Every structure is written in structure tokens, then in C-alpha cells.
Amino acid sequence: MKKLNSIIAAFLVIVWMPTMGQTQKGSVLIKNATVLTVTQGTLEDTDILVENGIIKRIGKGLSANNVTTIDAKGKYVMPGIIDAHSHVALDAVNEATAPITSEVQMADVVDPYDIGLYRALAGGVTISHAMHGSANAIGGQNITLKHRYGTFDPEDLFMKEAPRTIKFALGENPTRVHGRGKNIQPRTRMGVEAVIRNGFNEALQYKKTWETYNSALKQKGATPIPPKYDERLQTLVDILDGKVIIHCHSYRADEIYALINTCRDFGITNIVFSHVNEGFKVAPELAEYTMGASVFADWWAYKFEVYYSTAYNAAILTENNVITSINSDSGELIRHLYHEAAKTQRYGQLSDDQALALITINPAKQLGISDKVGSIEEGKQADLVIFEGHPLSVYAIPQMTFVDGVKYFDINDDQDDMRLRVSANETVEPIFLKEHDHNCMHGVDFFFNNFGRSLFQHSH
Amino acid sequence: MKISTKIKLLSSLIVAAFFIANSQVQAQSDPSGNRRVTSSYAIKNATITTAPGNTIKGATILFKDGLIQAVGTNVNIPVGTDVINGDSLFIYPGFIDGASSAGVSRPADPERPANFDSSNPTDEQAGITPWRSVLDNLDMGNNAISDWRKAGFTIAQAIPDGGMIAGKSAIVIYGSGESTNILAQNTALSARFRGSRGMYPGTPLGVMAKFRDVYKNAELSSTHTRLFASNSGLNRPEINKTYQAMFPVLDKNIPVIFEVSNDLEIRRALRLQKELGFKIVLSGVTEVENVISEIKASNATVLLALTLPEDKTKAKEDATDEYVARTARVKEAYEKALKQAALLEKEGIKFGFTTSGAKTGDMMKNIKIMMDNGLSENAALASLTVNNAQNLGIQKFAGTLEKGKLANMVVMTAPIFTEDSQVKHVIADGYVYDYEVKPKRAANGNGNKNGGNPSGSSVLAGTWEYVSDTPAGSSGGLMKIEGSGSNLKGTITFDDPAGNGTAQADMKDIKLVDGNLSFTFDVSAGGMDLNVDVKGDITDDKFTGRMSLGNFGSFPLNATKKPNNSNF
Numbered sequence: 000m001k002k003l004n005s006i007i008a009a010f011l012v013i014v015w016m017p018t019m020g021q022t023q024k025g026s027v028l029i030k031n032a033t034v035l036t037v038t039q040g041t042l043e044d045t046d047i048l049v050e051n052g053i054i055k056r057i058g059k060g061l062s063a064n065n066v067t068t069i070d071a072k073g074k075y076v077m078p079g080i081i082d083a084h085s086h087v088a089l090d091a092v093n094e095a096t097a098p099i100t101s102e103v104q105m106a107d108v109v110d111p112y113d114i115g116l117y118r119a120l121a122g123g124v125t126i127s128h129a130m131h132g133s134a135n136a137i138g139g140q141n142i143t144l145k146h147r148y149g150t151f152d153p154e155d156l157f158m159k160e161a162p163r164t165i166k167f168a169l170g171e172n173p174t175r176v177h178g179r180g181k182n183i184q185p186r187t188r189m190g191v192e193a194v195i196r197n198g199f200n201e202a203l204q205y206k207k208t209w210e211t212y213n214s215a216l217k218q219k220g221a222t223p224i225p226p227k228y229d230e231r232l233q234t235l236v237d238i239l240d241g242k243v244i245i246h247c248h249s250y251r252a253d254e255i256y257a258l259i260n261t262c263r264d265f266g267i268t269n270i271v272f273s274h275v276n277e278g279f280k281v282a283p284e285l286a287e288y289t290m291g292a293s294v295f296a297d298w299w300a301y302k303f304e305v306y307y308s309t310a311y312n313a314a315i316l317t318e319n320n321v322i323t324s325i326n327s328d329s330g331e332l333i334r335h336l337y338h339e340a341a342k343t344q345r346y347g348q349l350s351d352d353q354a355l356a357l358i359t360i361n362p363a364k365q366l367g368i369s370d371k372v373g374s375i376e377e378g379k380q381a382d383l384v385i386f387e388g389h390p391l392s393v394y395a396i397p398q399m400t401f402v403d404g405v406k407y408f409d410i411n412d413d414q415d416d417m418r419l420r421v422s423a424n425e426t427v428e429p430i431f432l433k434e435h436d437h438n439c440m441h442g443v444d445f446f447f448n449n450f451g452r453s454l455f456q457h458s459h
Numbered sequence: 000m001k002i003s004t005k006i007k008l009l010s011s012l013i014v015a016a017f018f019i020a021n022s023q024v025q026a027q028s029d030p031s032g033n034r035r036v037t038s039s040y041a042i043k044n045a046t047i048t049t050a051p052g053n054t055i056k057g058a059t060i061l062f063k064d065g066l067i068q069a070v071g072t073n074v075n076i077p078v079g080t081d082v083i084n085g086d087s088l089f090i091y092p093g094f095i096d097g098a099s100s101a102g103v104s105r106p107a108d109p110e111r112p113a114n115f116d117s118s119n120p121t122d123e124q125a126g127i128t129p130w131r132s133v134l135d136n137l138d139m140g141n142n143a144i145s146d147w148r149k150a151g152f153t154i155a156q157a158i159p160d161g162g163m164i165a166g167k168s169a170i171v172i173y174g175s176g177e178s179t180n181i182l183a184q185n186t187a188l189s190a191r192f193r194g195s196r197g198m199y200p201g202t203p204l205g206v207m208a209k210f211r212d213v214y215k216n217a218e219l220s221s222t223h224t225r226l227f228a229s230n231s232g233l234n235r236p237e238i239n240k241t242y243q244a245m246f247p248v249l250d251k252n253i254p255v256i257f258e259v260s261n262d263l264e265i266r267r268a269l270r271l272q273k274e275l276g277f278k279i280v281l282s283g284v285t286e287v288e289n290v291i292s293e294i295k296a297s298n299a300t301v302l303l304a305l306t307l308p309e310d311k312t313k314a315k316e317d318a319t320d321e322y323v324a325r326t327a328r329v330k331e332a333y334e335k336a337l338k339q340a341a342l343l344e345k346e347g348i349k350f351g352f353t354t355s356g357a358k359t360g361d362m363m364k365n366i367k368i369m370m371d372n373g374l375s376e377n378a379a380l381a382s383l384t385v386n387n388a389q390n391l392g393i394q395k396f397a398g399t400l401e402k403g404k405l406a407n408m409v410v411m412t413a414p415i416f417t418e419d420s421q422v423k424h425v426i427a428d429g430y431v432y433d434y435e436v437k438p439k440r441a442a443n444g445n446g447n448k449n450g451g452n453p454s455g456s457s458v459l460a461g462t463w464e465y466v467s468d469t470p471a472g473s474s475g476g477l478m479k480i481e482g483s484g485s486n487l488k489g490t491i492t493f494d495d496p497a498g499n500g501t502a503q504a505d506m507k508d509i510k511l512v513d514g515n516l517s518f519t520f521d522v523s524a525g526g527m528d529l530n531v532d533v534k535g536d537i538t539d540d541k542f543t544g545r546m547s548l549g550n551f552g553s554f555p556l557n558a559t560k561k562p563n564n565s566n567f
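Residue numbers (numbering that gives the first Met the number 0), protein chains in the order written: chain H, 0 to 459; chain D, 0 to 567.
Certain hints may be false.
[What the hints assert, rightly or not] Some residues of chain H that are not near chain D, with every Cβ distance over 10 Å (derived):
id	residue
1	38
2	39
3	42
4	58
5	117
6	175
7	197
8	242
9	263
10	307
11	424
[Claimed, not checked] Under the rule of at most 27 Å between Cα atoms (straight-line distance), these lysine-lysine pairs were calculated in the BS3-like manner:
id	chain 1	residue 1	chain 2	residue 2
12	H	207	D	215
13	H	159	D	295
14	D	149	D	560
15	H	227	D	149
Treat the hints as calculated values from the structure; they're not laboratory data.
Note that this is a predicted model, so its numbers are computed, not measured.
Note that the Cβ used here is the ideal one computed from N, Cα and C, for glycine as well.
Chain H with its partners taken away, still in its complex shape (with noise of 0.2 Å):
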């Protein structure tokens, strides 16, 4: 008994063999399911066919030759949910050690073996913008990650086609670790403001410098002497260039107005805000100047400055015709999203199309990948979940999910076990009670002051 028992165990290893090698691209046929397409309403009874990892086409009585066929009827489809706020699958988030780090990129820390992919993936989210941490004003670059778990390579997460984008971040917590922690600027919301604006101060000058020098360079016998280099600087050119969306972390109308005007003042209209709980309070200007806000449903009054929240707030934006979506900021609720946009129907009446906005082409649109991906439409990438009731309900349960028309989610194939790497060294892997892993304040106190100066403080 003891020996078939784990024979089972290695067999039941050994049949799911984690994706190899190249980025992978799947086929296959959902048939007679209520698609949910966001974009083009709901379409009952419909089939999708997806073809090497592209939505081929939508529609009744499609057939296929040598593709997997998936009866989904009486399921739902809807398009893989998006977190554009998240830290899963990150070695480290936060370089807490100066207000400006635009030079550090998420992309170099990205770690694949994090079984939260695998649990986001649980919940139907296929996309996670894997930011860095809101301890600077400045922080790094983040990644957008494809939830292609099972490769070992962090690369074939990335998603490719989506443009760079930036963290900063507002308020308590960069005034806390530098101002009051280490006693450097920003130590209020005012020196914030001067920090950014110091920040794009100097790139101006240092573009201009190259600038001088590259075009020296092209003049003949010239021997310009190359200026010092500087990533830092450079990263934030590419924002005044606007090739980077900057994702801000923020709570209060003042400074999320200020940083409004800030942007004007330099040109940036690539701006998304994150949480905002007191955006609706500014939501005319954030649909005028920005690419919205990514608000959670309804967390507040963890710390000072989120005191002044309200549930409807998601709804609010939304009705002022700011691009508003819901992120989870967590590894806990990166599982049930779904759950989260439902919140937006008991406060505030959101209809079905618009709350699923907010966990789909809304974050596309804030990610800069709304033409590829966030909606069921023939030409998109494959990123679909198949939920056994609506995805609204709080019956819903998702089935399946597909990234890239690759299955990475079977709810009928869902092993105990779906770790990649097994530490050799333990027998029991350690358990984290507190889910403080996966959030934007992770590795600040704590591992900054090595003991923890408050370690049981909540930390968004």
C-alpha cells in the first residue's frame, strides 16, 4: 500500500510536466458557451476558435480539424482577467534605498517558479502587471507578465508587446522610508512633488546633453568626449518622450491633482493612477488628463491617508468616464477579481458589461495592450477563462483558463501539488501567515530594518 501510494505521488509528478523552451501557442475549440465578449456584448451559444494562440473566429456551428473542442455549454466565457496592479512572482519589489529608482526593472527579478502565477491563474487572471513598490517617489520599471506557468525561463512570462511602464508613488510612504526613516527628502507630499519635479528637471538637461554630443559626433573630425551615462536620468527622458505609462500609487485628491498638474507642466498624458481611494473626488480631471485610475473595490482605513474611501468609488470614476479598473495588489485577492468588480453592482448599479471592464479592457488600456488583448474579439490573443456560472455571481467558479489558447487551468486537473521547484532542504516548505508577500509596501520595514520596525502594520 505504502509503495503504490507513492508510486501515485511520482506518477501523478511526472504527468505534469511544466512547458519547455520556447513561448507556446495553442489551438483549440469552445463550443455553445455564452461568451462574454465586453466589447461586443454577450453572445449566446457561440463557439470561439482559437488558432495558434489568436481568437480566429467567433460564431455559431464553427468546426476544426485536429484541434481540441471544448463543449463549454451552458459555461461562460469571458476574456482573461488583467490585475494592473500586482507582485506576484517577484524575487524583490521594493529598492527602498533612494526616492528616485527609475533605473532598477522589475524584468530582472521576475521569478517563474512563484505557485501565486499558478493561483492568479486559479482565478482567471492571465495578465499581471508586476510592479515595483511604493516606498519611492520614483520607483523601478515594471513588467507585464503573461501567466505562462510552467517554463523556467522569467523571460517567456514577459509579454513582449506590451510598452514600458514606470511606478512612482505618492504620499505616506516615501515620506515615511526616506523622510522620516532616513531623514532625506521627500518628508512630505510637498517635497514628493519637488522630487519628481527635480527628476525631470535634470533628465531635461541630461537629454540635452547627449543630444549636443550625438550630433558633435556626426560633424567630421570631431572629438566630443562622451558624457557620463545614466540610466536613471534616461528612464525618465523616455517618460517625458512618452514612451513609458507611469502607474502611480496614490490615495488623496490633493496629490493626485498635483501630480495632474505636474504632468501638464511636462507634457506626460501616459498616466495611470493606482488605487486613488479619493479619485472620485477629481474624477472630471482624471478623465480628461490621465488613462485612468486602478482603484481596489473596497479596501480603506489601513493607515492615515485612506480614511476618506467610499465602495463607490469604482463606480463613481466610471460613470465620469474615467478608464477605471480594479486591481488586486495582492496575492491573496489576484484570486477572485471577478468577485471584486461584482462589488461595483451592489455599489453603485455597474452593468455586467461595465464591471467586467474593469478587470479586462480597462487594465488593458491602462497596460497599453487593450488591441491585443482584454476582450473576446477575432484578431486578439487567446487569453480566455471558462466560468461555470456567471463570472458576476457569487456562485461562479472558474474551469478553465487559457493564455495564448494554451490551457495553464483545469479545474478537473488541479493536482495538489502544482509547485515547480521543490526545495530539497525542506520537508515542510514554510507558511507565511501573514499574507504580506505580495503587496507594495513588501521588503520595505521589514527587511530594511532587518528586525521590522512594524512588522504588523498593513502595508499598501
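For chain H, the structure is supplied; the task is to place chain D on it using the hints.
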């Protein structure tokens, strides 16, 4: 006649001169009695493996002044040679350590000024010291070096300790104390993903970015220097010792030796290498199976760790079905770890070993385990000898036993990698080191590897400097331990969680059993008391362990004992 007188006079002058010269040498007495009688040795009638796969029986090896004169079955032994009878002895080329930390101490961090800006530290404060040479912090008389020599190592590349770019390595020979023992210096630039404590760069994120920054600016600085040298009317280049020390790397004269702890770190190092184009050595490699094609594509030199995980799932008598099922993958991971060396061999990667992080006592045991898991004997021996000679570029004079090569060899009582094989002599730089051969150990042998410290606890007393690494950088302090046996007391200092500065706590439950040290201490943080549990192994003056912080996980904590002045 005159002529002949002249000749006589001349020859007596020569004789006199010879005597004077000689008597100067002999005038120095040798009260220690350590000076050897001759520098010419022969080991007779032994089984000599001159290189992996090439063994001669009944052979003699003759060496003089540190150089091999002859190897073979037909060797004339000149008069004045110290002959060692090699009947039943087995001789192998001396081992070469691809990267060693033995005898290397970490230079003290510079003092932080009162108005220290943690966001913009100097290179030195941030652990960026490429201009340093390991030779400035290498103690060739250190016990760790004699321990590794006793294990068979005769040449090592010493790697500096420090921050993310610690400095340059050197190749040293484990010979007599009368020589500097330096074979080559500035042989590689040492780098690791180690953030600096409480300043930029503090995490792997910052370290990656800072490495690019240093590299690219060194390139620009080099361009500027060249332009300035060949043109007039240009602004002078700013001489920056960090950038200048990077020039040999930019010119691909020396590689960057990256310390890596897992496959993700291997990928990070290779990512930098791909972007910037330097020559790379990966050191301390453990998990290769998921990155093998990337390693091959990068042409990286691989230095495999001599460490192996412990088998945590050892067949238990009372193992329940649940336990067996739950630990099946842990066992699989363990078994996979043992096969890494064999995998490298199969893939045709001529890896060498690094002793960094390993224990002398486990070395042969671990290599035998690797061989039980598919590593061939020839590849095992090659990774200790010829491969590393090649990796270090010293194959012209080291790595095999041939005429004209350095007299470095290991003399064993039985064929290497067999159960009973023990080291009887090590010859390093032509100096012969004799070791006591123990009779076959009893089944319950309680072998004491600590040499002169039978009780073990006297090793403990003193001041230890520790560093704990967390994903966000490293932190550290001092452990002061006194007493012995069951009466051990101590205090530990650490960064005060309540603000800047250091705090101190009593070490509790200090226990030292069979080289395993454990203790606990309490930290109060934000009104909560946190119990910190530290466990690990002590070998000589190094402690390697982990501290666990309740639910927050466990992190490496390593310590080095500060030299005890009374020993000198």
C-alpha cells in the same frame, strides 16, 4: 708558472668566495629545526595517475625545487634525494580550487559620516571596490588553508570578500610560509548579488542596475581616456579608480566571476553578460538542469559547488503513507541535486569545483555521492585538477603530473574516491606535508575534525562578526561568547529596529553539539517581542547557519570569528 699561480689564486678566491657565500647561509641558525634537509624528493614504486585516465603502476616521480623532474617506471634517483617509499601509495595531481574563500577576511566597512546620504553612498560604502586585491586580505597562514591543503588542494583562486563588486582575485599556491605563494594576481573580478546594508543598492534590483551603471560608465571613461591621449584641446578625463579597475574586464583580459546561489541568479548573471559582453565565470553553481542550454550558449565557465543538500526524507521506520506521498517531491529534488555534476559532464561542460561554502570533511563524501549519481571518476578528478587549470589559465605549469610542471600532488593510501582512501602526503610547491593515517575507523567512530580543539566549545569563545542576508540586503553585528561546555554565555548586537544605531540582547540557550551551534535571542519591535532562533554549523572560525524569525521565514546568517590576539 706564473700562469699556474694565477689560476691557483683565482681558484682559491673562488673557493673562498664560495665559502663566504655559503657560510652566510649556514651562519643563520635554524632553532626551529624546520628547514628541510633537501629540496629534492622522489616517491618510488607508486601508482601514479599523471592525468585523469592515465595511470602508471610501479612508477617513480622525482621532483626538485618545486618542479617535477621525471615521472615513469625508469627514473634515475640522484644522490642527495629524499626517497619516500611509495609501495601501495597512489599519487594524483594536486587539486586546484576554482574559487576559494579560505583565509580571506572581509575588509571593514568604512565609517559612515554624520550626514550620511543612504541614497547616494560612495562606491566604497556601497561595496563597489573593484580596485581591491584579495591579497590585501588573505592570510596564507590561516587554518582554513591548511585544512584544504590537507584535503588535497595545492592551488586556489582566492576570491575577495565584500560587496557587490568586491575586488580582484589571485591565484595562490598552498606551499611553504617562506614564499609569497602568489602565482598570479588580478586574475578575475569578483561580483555577487549582494546589496549593501541600509543604502543604495540594497536589493538584487539595485545591484543589477548598479552593475550596468558601473560597466557602461567605465566604457565611457575608457573612451574619454583614449581620446584625451590622442588629441589636444580636450577636457581632461576624471580619473576614477572604480572605472579604471574595470578596464581589464572591458578589454576581456579577465573575466567577471559571479557568485550564484541558484538558477535564477545564474540567469541574472547571464542577463548582464549578454547585455554587456564580458567574459564570465559562474561560481558556486548548484541548480543547472533548468539553465543548461543558456550556460552553454553563453560559454560561461562553471565552478560547481562542493556542497550537497541533506537527505531530509531518509527512509523512516514509521513513515506513514501520508509522509511518503508528501515528501515524494522533496526526495525527487534531493536526488536531482545529486545528479547536477553528472549532467554537466553529459553536456560536455568542463566544470571545476569551488570549495567556497563547502566543508573539508564533506568534500570526498559529496564527490562520491555525485559519482554514485553518474559522474565518472575521470570527470571527478578532472574537475579537481585539469579542468580548473584550464579555467584559471595555468595549464602550462599545473594540473597534471609531467616533467616541467609544478610539484603539486596528493598521495593517498588507496585509489582516490574509494571508501578507505586517505591522504598520506600532500606535496605543494615541492614541499612535502605528512598526515597521520588513521586505522580504519570503527563503525561508531566519533571522528574529531577540529584538530586541536577536542571539546569544541573553546573554539566558540571569542568575538564573532556576523552578517545576515535578506532579500533586501545584508545586516550584521557582533556576537560575543564566553565560557565553555554547558556554561556558555553571550551577547549579540543588531540594527536597532526602533531607529538608527545598534541594540544588544543576551544570547540564550547557547548549545554546541557536534559542531552544530544553536541559540536564541529576543528583539522587541513595535511593542512586540520577536524570538529569533539561530542554528548552524561551526567549522574552525566560520559559522554557517540560518536565523528564523517566526512566521517571517528564515534567512542565512554567517559569522566569522575575529582573530584572538592571545593566539599570536
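How the hints compare with the structure:
At roughly 36 Å, the least C-beta separation between residue 38(H) and chain D is larger than 10 Å, which holds for a residue marked as non-interface. The claim that residue 39(H) is not at the interface with chain D holds, since no C-beta of that chain comes within 10 Å of its own (minimum 41 Å). Every beta carbon of chain D lies more than 10 Å from that of residue 42(H), the smallest distance being close to 42 Å; the non-interface claim holds. Distance check on residue 58(H): its Cβ is at least 42 Å (rounded) from any Cβ of chain D, clearing the 10 Å threshold; non-interface status holds.
The beta carbon of residue 117(H) is kept farther than 10 Å from every beta carbon of chain D, the shortest such distance being approximately 15 Å. At roughly 13 Å from the closest C-beta of chain D, the C-beta of residue 175(H) stays outside 10 Å, upholding its exclusion from the interface. Every Cβ of chain D is farther than 10 Å from the Cβ of residue 197(H); the closest lies at roughly 13 Å, confirming the non-interface assignment. Under the 10 Å C-beta cut-off, the non-interface status given to residue 242(H) relative to chain D holds; the minimum distance is some 18 Å.
For residue 263(H), the condition that its CB be more than 10 Å from all CB atoms of chain D holds, with the nearest at approximately 28 Å. With a cut of 10 Å on Cβ distances, residue 307(H) stays outside the contact zone with chain D, its closest approach being about 26 Å. In this structure residue 424(H) is not separated from chain D by more than 10 Å, as the shortest Cβ-Cβ distance comes to only about 5 Å. Taking the CA atoms of residue 207(H) and residue 215(D), the gap is near 19 Å; set against the 27 Å cutoff, the hint holds.
For the hint pairing residue 159(H) with residue 295(D), the CA-to-CA distance comes to about 24 Å; that is within 27 Å, so the pair holds. Note on residue 149(D) and residue 560(D): the hinted pairing holds, with a Cα-Cα distance of about 22 Å set against a maximum of 27 Å. About 50 Å separates the Cα atoms of residue 227(H) and residue 149(D), which puts this hinted pair outside 27 Å; it is violated.
Of the numbered hints given earlier, the model fails hints 11 and 15; all others are met.
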